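Participant: Given next are the chains, with one letter for each unit.
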Amino acid sequence: MSMTHVDLLIIGAGPAGMSCAIQAREAGLDVLLLDENQQPGGQIYRSVAQSPLADPDLLGKDYTAGAVLVKRFLASGATYWPGTLAWQITRDRQVSFTRNGANGSGGSGQIQARALVIANGAQERPVPFPGWTLPGVMGIGAAQTLLKSAALLPSQRVVLAGSGPLLYLFAWQLIRSGSSVAAILDTTPRANRFPALRYLFSALRAPGYLLKGMGLLKTIRGSATPHIQHVESLSAQGQGAVGSVRYTVKGRETQIDSDLLLVHQGVIPNVQLTRSLGCEHRWDEMQLCWRPELDEWGQTSLTGIYVAGDGGGIDGAKVAELSGAVAALQIGQQLGFFTESVRDTEARPLKRQLNAHRAIRPFLDTLYRPADIFRRPSDPTIVCRCEEVSAGDIRAMSRLGCSGPNQAKSFSRCGMGPCQGRMCGITVGEILAEARHAPMQKVGYYRIRPPIKPVQLIDLANAYVPDADAAPMAAFVPK
Amino acid sequence: MPNVSLFSALAAAPAAQVSILINDRSFSVPNYMTVAAALLSVGVTQLRETPVSNAPRAPFCMMGACFECLVEIDSVPNQQACMTLVQPGMTIRSMIGARSLK
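Going line by line, the protein sequences match chains A and B.
The letter at position 144 of the first sequence is residue 144 when you use the working numbering, and the numbering goes up by one with no holes.
The letter at position 66 of the second sequence is residue 66 when you use the working numbering, and the numbering goes up by one with no holes.
In case anyone wonders, no lab produced these hints; they're calculated from the structure.
Just so you know, not all the hints are guaranteed correct.
Claimed, not checked - Have a look at the derived ranges for each label pair, beta carbon to beta carbon:
{"id": "1", "chain 1": "A", "residue 1": "65", "chain 2": "B", "residue 2": "23", "range": "34 to 44 Å"}
{"id": "2", "chain 1": "B", "residue 1": "96", "chain 2": "A", "residue 2": "353", "range": "44 to 54 Å"}
{"id": "3", "chain 1": "A", "residue 1": "237", "chain 2": "B", "residue 2": "54", "range": "13 to 23 Å"}
{"id": "4", "chain 1": "B", "residue 1": "99", "chain 2": "A", "residue 2": "400", "range": "27 to 37 Å"}
{"id": "5", "chain 1": "A", "residue 1": "463", "chain 2": "B", "residue 2": "77", "range": "19 to 29 Å"}
{"id": "6", "chain 1": "A", "residue 1": "205", "chain 2": "B", "residue 2": "17", "range": "47 to 57 Å"}
{"id": "7", "chain 1": "A", "residue 1": "407", "chain 2": "B", "residue 2": "52", "range": "18 to 28 Å"}
{"id": "8", "chain 1": "A", "residue 1": "395", "chain 2": "B", "residue 2": "21", "range": "40 to 50 Å"}
{"id": "9", "chain 1": "B", "residue 1": "53", "chain 2": "A", "residue 2": "439", "range": "26 to 36 Å"}
{"id": "10", "chain 1": "A", "residue 1": "217", "chain 2": "B", "residue 2": "99", "range": "41 to 51 Å"}
{"id": "11", "chain 1": "B", "residue 1": "17", "chain 2": "A", "residue 2": "285", "range": "44 to 54 Å"}
All values derive from a computational prediction rather than experimental measurement.
For glycine and all other residues, C-beta sits at the position ideal for the given N, C-alpha and C.
All chains, please: the whole structure from these sequences, using the hints.
Facilitator: Here you go:
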């Protein structure tokens, strides 16, 4: 492989990126995969190849099954650069990256790709509520990352709060690991149930999901963990760190002692790269998130630039894996590695499976739609954590005529801190859309500019020399 | 500074330990941990104060999105602790307010 030109460059080593690499390598393309993490797997299969846990089966078989995909990826012949941040992509598919930045011995470089697949996945939906900036409040996904990658379990006074499949999965994992949970505060709105029923029949087409969910709930109900339903509001109190959690059910407030509050309201696509490219995005009213416009192969509005996996809309790990392979088939055909008929023959069964797995989403998205109070919090609640801008500040800006997140940024610096709007972009938009009675599509999102994460000047100054890189692939092979 | 950890270690596979310095105190942690995991495991619950109001903050997302876990690592400020693996002899300092311009 020429080190400055490659047929296919993939960003992200989760299920979408790995399966895209495998499929493309089978077709004979040169593939380079860049991933910010140190091990393949993404968030869902984090550390699966080298689990620190004595017994990784505690996390469930859907997790450990990821090791098979990791193994196939590492044997695929794709070049894999972990610890690599792709911080700028141009519309003609030139990728600027930094490998082993900061304290590593790395440097930066640029690669021209004939085709590009962005497979950078999702992040947990930011859920502003009073006290959510206190130390001791974390995402459930964050705590799960600590369990998967560092063998760390929450302490005794942990409260899980929120809604969605990950809430139940993590509670199940904690119970299996012998950890006690002080309470599960379930914020799933009662009013979501009836609309969700409409999608129950089609959800039966999706293999395994409903059964798995019922199994998780059965374990939770059979445990000693208090599972409090229909929680209407949530706040964390404490001096310098969380000391207690307050919640209301039917308007009645209860306080429990806790030093670790783990929250979750579903996940949203990571759109920093597609936004920075200026790809077309649309507001998905069902998933309450922005997603890049994609064709049936995952191509964005820009030729040769694709998105696979949850970065294109939340569909889960199985769909991510399938969509990565589907994108690779189209890219292989477009680059002349095989004919349209070969592409279609290969893609047909994959697309059939994609549709089956996607059939669960309308049910899940409707049932676990976040309550309004987490989407548009009360005035004193901090929305932009970096610049400490509150919901009330944003409402005040709208009264001054502020029409969207970009104007809010120049009014108040909100969205201008180190996270570059990742933690507040949707909330700011939803507050402004409500205040101005405007649709989200019109209110819009922050303009994202490269570098999409900070890069040190010394790392820019050092050229990355790939020849010096003897990637010890064997080190990543699952046991 | 370090007190009771919010997290406890689960039965882990055998791993090498590395020695790191956190605000001049020495700790030994498994080599597979990120700096953020190491800080949480030894009981550092607050690892920085915000530049805006000096409010205490700690890791939130553990996947590189929220930038709440910024620390100084080997004299380089504003590093994402959750994206950096511990290395032997690593020196970590919490960041109080904005970084200073040297």
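Participant: Taking the hints in turn, state whether each one holds.
Facilitator: Hints, one by one, checked against the model:
1. A:65 with B:23: 34 to 44 Å: Cβ of residue 65 of chain A to Cβ of residue 23 of chain B: about 41 Å, so the range 34 to 44 Å holds.
2. B:96 with A:353: 44 to 54 Å: holds, 52 Å
3. A:237 with B:54: 13 to 23 Å: About 19 Å separates the Cβ atoms of residue 237 of chain A and residue 54 of chain B, which means 13 to 23 Å holds.
4. B:99 with A:400: 27 to 37 Å: holds, 32 Å
5. A:463 with B:77: 19 to 29 Å: holds, 24 Å
6. A:205 with B:17: 47 to 57 Å: This hint holds: roughly 50 Å between Cβ atoms.
7. A:407 with B:52: 18 to 28 Å: holds, 20 Å
8. A:395 with B:21: 40 to 50 Å: holds, 45 Å
9. B:53 with A:439: 26 to 36 Å: Given a distance of about 34 Å, which is inside 26 to 36 Å, the answer is holds.
10. A:217 with B:99: 41 to 51 Å: holds, 47 Å
11. B:17 with A:285: 44 to 54 Å: holds, 50 Å
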